[in-house]
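Asker: Generate coordinates for the entire structure from the input sequences, incorporating the hints supplied.
For the protein sequence lines, the chains are Z and L, in the order given.
Under the numbering used here, the first residue of the first sequence is numbered 1, with each subsequent residue one higher.
Under the numbering used here, the first residue of the second sequence is numbered 111, with each subsequent residue one higher.
There may be inaccurate statements among the hints.
Quick list of simulated restraints, FRET-style, between CB atoms [as the list claims (entries may be wrong)]:
(1) Val192(L) <-> Leu97(Z): 15 to 21 Å
(2) Leu283(L) <-> Arg62(Z): 45 to 51 Å
(3) Arg92(Z) <-> Leu283(L): 19 to 25 Å
(4) Thr37(Z) <-> Glu159(L): 23 to 29 Å
(5) Leu314(L) <-> Arg42(Z): 37 to 43 Å
Computed list of lysine-lysine pairs in DSBU-like fashion (alpha-carbon distance at most 30 Å, straight line) [said to hold, decoys possible]:
(6) Lys84(Z) <-> Lys152(L)
(7) Lys106(Z) <-> Lys38(Z)
(8) Lys38(Z) <-> Lys193(L)
(9) Lys84(Z) <-> Lys38(Z)
(10) Lys38(Z) <-> Lys85(Z)
(11) Lys193(L) <-> Lys172(L)
A few chain Z residues that don't get close to chain L, going by computed Cβ distances all over 10 Å [stated by the list, open to error]:
(12) Ala11
(13) Glu20
(14) Thr37
(15) Gly39
(16) Met51
(17) Pro81
(18) Arg92
(19) Glu96
(20) Gly99
(21) Ala100
(22) Leu101
(23) Arg102
(24) Leu104
(25) Lys106
Since the hints were made in silico from the structure, they are not lab data.
Virtual Cβ for every residue (Gly too), placed ideally from N, Cα, C.
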Amino acid sequence: MIGTGIKRGTAELAVLSVLEHGPLHGYEMAHRIEQQTKGALRFTLAALYPMLYRMEQRGWIRGAWETSSSGRRRRCYRITPVGKKRLSPLRREWAELFGALRRLTKVSNA
Amino acid sequence: MRDWEALVEGHLTGFALEPAESADVIAELAAHLAETCEELRKQGMAEEEAVRRTLSQVEDWKKLTRLIQTARTKENIMTNRVKQFWLPSLLTLLLSMGLLALIQVFGPNPWLVARKSGWSLVAPVAVVYLPWLLALPLIGALGAFLSYRSGGSQRAVFSSILFPVLPYLVFFLIGLPMIIILNHHIAHNIMFSALFVGFFGWVLAPGAALLAGGQLAKIFLSRRLDSRRIASN
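Answerer: Written out as structure tokens, the structure is:
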């Protein structure tokens, strides 16, 4: 399992990455992230929604109410152009961090 | 079928968001919980266990309320401060000053309160504009209404109500004492009693009038909000 501090930092990247492929509502988003990371990143309701609202305030994502075929109303989130712009530097920063950590652990193991 | 919205609403108490925004958050969290529970039921879990597992997603509802509140308002803090404090305060100040100026020009003569010696008045003389004083509760109520409606805290509402007396307070706490210290030609006993009379006439009495109207408006608004909440339950 990945520690809480790292998770918090990667959470925004995870949300933006899954939304890049299409709009999702909160439950689907949490489910998709958990599946794609094989359970390494798991969002509870308490962790997910404050983050989604914060990202919405920043203009990275936009939520809108939609009614599903089963008649259930759900709030679907889409990535905005601002969010798309934010995604590439975020990816680069995390790739750099993980690259640095890989190099560090290789050196330590040598 | 479990009423998830009622459950979430019961837990998320003390939201200082607009009622519509608050209802949106409640509906969204309730939909998430309902879906989680349904999924667990589909996996063959007994209802009671599924509900317990669903609810275990939130360990501390108070913390969640605070986090959502912060997430939805923190980024917008300047806008909120403007809506909840600066706008109501400056509007009440403008109305209060404008009304006083109009009354001084077009209104009846002020009421002069002072000791009398024969036919003349003895300093200090309190100048009271009664129509202005009587209109201040309405201005206080307006300040409270604007700040409360925008989700202002107790402090923001209180400050918006009393903001119009702030210039007088500054004058009597800083300006007049400076004059007393620097001016040696006027008897100090007159200046000190003038300070007291002026403070009463321009700060305490208008402040009390503003506060009376503002507090009444606040009580009325909070009762209306409570009755709406009860109706929606």
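Asker: All hints, please: hold or fail.
Answerer: Here's how the hints hold up against the structure:
At about 38 Å, the CB distance of Val192(L) to Leu97(Z) disagrees with the hint of 15 to 21 Å. Between Leu283(L) and Arg62(Z) the C-beta distance comes to about 49 Å, which sits within the given range of 45 to 51 Å. In this structure, Arg92(Z) and Leu283(L) break the distance hint of 19 to 25 Å, their C-beta atoms being roughly 56 Å apart. With their beta carbons about 26 Å apart, Thr37(Z) and Glu159(L) fall inside the hinted range of 23 to 29 Å.
The hint said 37 to 43 Å for the Cβ distance between Leu314(L) and Arg42(Z), and at roughly 60 Å that hint is violated. Distance check on the hinted pair: Lys84(Z) and Lys152(L) sit about 36 Å apart at the alpha-carbon level, beyond 30 Å; violated. For the given pair, Lys106(Z) sits about 25 Å from Lys38(Z) by alpha-carbon distance, which is consistent with the 30 Å threshold. The suggested pairing of Lys38(Z) with Lys193(L) is violated, with an alpha-carbon distance near 45 Å, which exceeds 30 Å.
With a CA separation close to 25 Å, the supplied pair Lys84(Z) and Lys38(Z) stays within the 30 Å bound. A threshold of 30 Å between alpha carbons decides the hint, and for Lys38(Z) with Lys85(Z) the separation of about 27 Å falls inside it, so the pair holds. At most 30 Å may separate the alpha-carbon atoms for a hinted pair to count; Lys193(L) and Lys172(L) meet this at roughly 26 Å. Taking the minimum C-beta to C-beta distance to chain L, about 13 Å, the non-interface status of Ala11(Z) holds against the 10 Å cut.
The beta carbon of Glu20(Z) sits about 22 Å from the closest Cβ of chain L, which is more than 10 Å, so the claim that it is off the interface holds. Thr37(Z), annotated as away from the interface, keeps every beta carbon of chain L farther than 10 Å; the closest lies near 18 Å. At the 10 Å boundary, the C-beta of Gly39(Z) stays outside the reach of chain L, the nearest C-beta of that chain being 15 Å off. Its closest Cβ contact with chain L, about 7 Å, brings Met51(Z) to no more than 10 Å, contrary to its assignment away from the interface.
Listed as outside the interface, Pro81(Z) is consistent with that label: its C-beta sits roughly 18 Å from the nearest C-beta of chain L, beyond the 10 Å cut-off. Interface exclusion of Arg92(Z) from chain L stands, the closest Cβ pair being 24 Å apart, more than 10 Å. No Cβ of chain L comes within 10 Å of the Cβ of Glu96(Z); the nearest lies about 26 Å off, and the non-interface call holds. With a cut of 10 Å on Cβ distances, Gly99(Z) stays outside the contact zone with chain L, its closest approach being about 31 Å.
Annotated as non-interface, Ala100(Z) keeps its C-beta farther than 10 Å from every C-beta of chain L; the closest such distance is 30 Å. Its beta-carbon lying about 29 Å from the closest one in chain L, Leu101(Z) satisfies the requirement of being farther than 10 Å from that chain. Against chain L, the non-interface label of Arg102(Z) holds: every CB pair exceeds 10 Å, the least being about 33 Å. At the 10 Å boundary, the C-beta of Leu104(Z) stays outside the reach of chain L, the nearest C-beta of that chain being 33 Å off.
Distance to chain L confirms Lys106(Z) as a non-interface residue, since its nearest Cβ pair spans about 38 Å, more than 10 Å.
Taken one by one, the earlier hints fail for this structure at numbers 1, 3, 5, 6, 8 and 16, listed in ascending order.
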